[in-house]
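S.K.: Sequence:
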Amino acid sequence: MSSLILYPSREAASHRPLIDPYGRTVSYLRVSVTDRCDLRCAYCMPERMSFLPRRDLLTIEELARLTGAFIRRGVRKVR
Numbered sequence: 021m022s023s024l025i026l027y028p029s030r031e032a033a034s035h036r037p038l039i040d041p042y043g044r045t046v047s048y049l050r051v052s053v054t055d056r057c058d059l060r061c062a063y064c065m066p067e068r069m070s071f072l073p074r075r076d077l078l079t080i081e082e083l084a085r086l087t088g089a090f091i092r093r094g095v096r097k098v099r
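Basically the working numbering = 1-based index in the sequence shown + 20.
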């Protein structure tokens, strides 16, 4: 799995960073582009899991827009 390291733009620097409930700055985002992975890892594919209908999955364009919003809030690494 590859990662992308990002450097904030001036626009991103003007937005307030994301802070988790423990006061830590969120700078990392992991995006799953599908729920149909065939590796079946226990942490993301529990027994009896049912797949979402394809119409309920985000499109690549929607994922790009959402990722851009996180980048503007200070996320520097996307995986």
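Keep in mind that the hints were calculated from the coordinates and are not lab data.
Quick caveat: nothing in here was measured; it's all calculated off a predicted structure.
Every residue gets a Cβ at the ideal spot worked out from N, C-alpha and C, and that includes glycine.
It is possible that part of the hints are untrue.
As the list claims (entries may be wrong) - DEER-style ranges, computed between Cβ atoms:
{"hint": "1", "residue 1": "Tyr48", "residue 2": "Arg68", "range": "15 to 21 angstroms"}
{"hint": "2", "residue 1": "Met69", "residue 2": "Arg92", "range": "31 to 37 angstroms"}
{"hint": "3", "residue 1": "Ile80", "residue 2": "Val46", "range": "18 to 24 angstroms"}
{"hint": "4", "residue 1": "Arg36", "residue 2": "Ala84", "range": "34 to 40 angstroms"}
{"hint": "5", "residue 1": "Thr87", "residue 2": "Arg36", "range": "25 to 31 angstroms"}
{"hint": "6", "residue 1": "Arg56", "residue 2": "Leu86", "range": "31 to 37 angstroms"}
S.K.: Each of the hints needs a verdict: does it hold here or not?
M.R.: Status of the hints after comparison with the structure:
Checking the proposed 15 to 21 angstroms range against tyrosine 48 and arginine 68 shows it is violated: the Cβ atoms sit about 30 angstroms from each other. Checked against the hint of 31 to 37 angstroms, the pair methionine 69 and arginine 92 passes, with Cβ atoms roughly 32 angstroms apart. The hinted range of 18 to 24 angstroms is satisfied by isoleucine 80 and valine 46, whose Cβ atoms lie roughly 23 angstroms apart. Under the hint 34 to 40 angstroms, the C-beta atoms of arginine 36 and alanine 84, about 22 angstroms apart, miss the expected range.
Taking 25 to 31 angstroms as the suggested C-beta distance range, the pair threonine 87 and arginine 36 does not conform, at roughly 18 angstroms. Between arginine 56 and leucine 86 the Cβ separation comes to about 19 angstroms, which falls outside the hinted range of 31 to 37 angstroms.
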